[in-house]
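Novice: These protein sequences, in sequence, are chains W and L. If you count the first sequence from 1, position 243 lands on 243 in the numbering used here, and the numbers rise without skipping. So the numbering used here is basically just the index in the second sequence, starting at one, shifted up by 418.
Be careful, since some hints might not be right.
[Claimed, not checked] If you want a taste of the chain W side facing chain L, the calculated C-beta under 10 Å gives, among others:
1. G116
2. E197
3. V201
4. R254
5. N390
Quick caveat, the hints were computed from the structure, so don't treat them as lab data. Even for Gly, the Cβ is constructed at its ideal location relative to N, Cα and C.
Number of protein chains: 2
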Amino acid sequence: MSQEEDVIALCRAARASAPALAGASTDDKNTALRAGAEALRRRQSELSSANVADLAASEGENKAFIDRLTLTPERIEAMATGLEQIAELPDPVGESISSWTRPNGLEIAQVRVPLGVIGIIYESRPNVTADAAGLCLKSGNAVVLRGGREAFRTNCLIADILGDALGQATTTIPREALALIRTTDRAAVRTMLQQSESIDVIIPRGGEDLIRAITENSKIPVIQHFAGICQLYVDRDADLDLAERIGINGKTQRPGVCNAIENLLVHRDVAPTFLPRIATALEARGVELRGCDETRRHLPTIVAATDADWGTEYLDKILSIRVVDSVDDAVTFIRTHGSGLADAIITKNTSTADRFVAAVDSSAVFVNASTRFNDGFEFGFGAEIGISTNRLHARGPMGLRELTTYKYVVRGTGQIRE
Amino acid sequence: MSQEEDVIALCRAARASAPALAGASTDDKNTALRAGAEALRRRQSELSSANVADLAASEGENKAFIDRLTLTPERIEAMATGLEQIAELPDPVGESISSWTRPNGLEIAQVRVPLGVIGIIYESRPNVTADAAGLCLKSGNAVVLRGGREAFRTNCLIADILGDALGQATTTIPREALALIRTTDRAAVRTMLQQSESIDVIIPRGGEDLIRAITENSKIPVIQHFAGICQLYVDRDADLDLAERIGINGKTQRPGVCNAIENLLVHRDVAPTFLPRIATALEARGVELRGCDETRRHLPTIVAATDADWGTEYLDKILSIRVVDSVDDAVTFIRTHGSGLADAIITKNTSTADRFVAAVDSSAVFVNASTRFNDGFEFGFGAEIGISTNRLHARGPMGLRELTTYKYVVRGTGQIRE
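Looking at chain W on its own, in the form it has when it is part of the complex (with noise of 0.2 Å):
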């Protein structure tokens, strides 16, 4: 077979298996994966080998890049407690959304189900082959992944240890609804987008380019995570003590993730007070501010904010800063320049806070709390498979439930449509 049709029949095997998974028990599923942790930890010194091989075919690339590749004894056993996690969460298949009954008797109960083929395309990360195989497995989904090229061996040992285990675990869910792109040709990427019949969503995790390039050529409806370009609102009428410390945060926590905040809004009463001490607070820890004529009014020694900072995810110690006039500014600032993922006000007026609220349509708006929170696990999903900006489907953190799809489930006693 050609390379093309080992991807299609990859796909279609796949897509076979689904109805046997959709249909396996909450027991066999957490069976596949418990023993999938246990061998991922039998088989450590195999996966570090697999990993230590290609480590050495990535010589010369950057520090950041080595470290998201590298796989320590730590991270193979956090893919492990990671499975084990899944294994405990409760499941999302059979789960009865709302149910009704009609004036005509009919019974009408909306019961979710596994969307049905998941394919998940991610860059160098290895563990994401574990995570993402056992978010689909407990989600009832046969998962097609293709990883980072960089990561090959590594990905295939865990896929075959992972794939090994499940047959052993249980004869209810087929190998095949694990399956794992076994080339680093980009071609196989491309015949994958287009197997519309046989993968229903595809979830790419990884930069901005790669989800571009493969939205660009699917044919499967893709789940998009675009920029996190997140804004913290301090209101006239803000605790200024807690809007420093959520300041903070949002910007130095974790500066390289989507839910930090690059642009900071100030309104102009409390400009003065607040301005020099929140960014002696953040330059303190090293953050490079940049800010409007109004701020550097009162903070004379940051570079000006160009048009372009404000629209730029920096991923990166830097803060944008601006002075707003009003509640509706601010709100005009974020539609026109935030990506719609997170942004959050800080003040104790209510209906100011409801005004924000109800004006700013991102997956999640915050009151008084920090951006950073906007996560499948600090909201309490248990897991997190990615954070979606699509409005379609899923919006924000997804967890198990936003995995799956629904049917309608009618029961009667011999209706007939009149």
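Position chain L relative to chain W; hints supplied.
Specialist: Coordinates of chain L only, in the frame set by chain W:
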């Protein structure tokens, strides 16, 4: 401006209007809907004249086409009543889908919000203009409508009437939120389908060819409604009176719609008794029967079904019949040939029913009831924009709720992430 620029400007204006409509009160939306209904009634004679002009330009088209295009006074009244009924429905916007408190005290609410801007592309029925506009308005969505060219004059006037009424009834809903593409040039559809920055989702209403063409060309997600190949399975333990009644209803009550049945599956054990009686009943109602070899042993006068028959949506008084050995065989047939829209089982055996319900993954699965109930009105939604055969976002009948997404509103007291 060129036509292309016109379309782009129209879509952008709809996008710009979306926040105002999303924030409009339920009262304002209902006032606008009722004003629209009143205006349609008041300007009935103008509407009839515009429609007569469209009809004159369509001379020579077939009878069914002309019927769909014709606006009688009764149909104008039905459009008006439809808008009033939409005004009576609960407003989905702002509904709390779920809410919970985290151990750190964060209060999280999942709140329903409009999708944003919806594009509706439809064929010759002019009443869709008013129906779709009404459903989008009530669900807080701006809408860009593109109707069939044959109904161009009628559609333009309906949009004018509704737009005028909207503008007079309320100041909170911008007129741009109800946009109609005012050219019959097909290139305008291609332009519309590229406006992914302005339109969040495309809902086509029409035949399979239209939907496929749109899906092929769209940069915007499309909610599809492909073929409706629905099955009725009469189990060994069926109440045969009930099976006969539901079989007749499924095939003959309205054969041209998607939730009518195309294939009848009959368990071998009841075939000798059931087949002759259902055949007599259906043939008396003008239905042409086609059968597998086994079926034709019991019904020697009917023609043989070809392989193509099992996968054909007749939309007509034709039914293919197959004898099966078990409920599992019926499920396999449905997985192979069905389109995942609606399937039914007739049985008195609860465990057989449960087996069927668990294994058949269609948007609606019926037990002892007609597939014809797969419909937003019959489900009690009070309205229907279409029936989705997608698995993402919305599945099955789509009412107002299915035109919404959600955002998370998180209220804290200064929480930061550690």
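Novice: For every hint, state whether the structure bears it out.
Specialist: How the hints compare with the structure:
1. G116: holds (6 Å)
2. E197: violated (12 Å)
3. V201: This hint holds: W/V201 lies near chain L, its Cβ roughly 6 Å from the closest one there, short of 10 Å.
4. R254: Because about 8 Å separates W/R254 from the closest Cβ in chain L, which is inside the 10 Å limit, the hint holds.
5. N390: Because about 8 Å separates W/N390 from the closest Cβ in chain L, which is inside the 10 Å limit, the hint holds.
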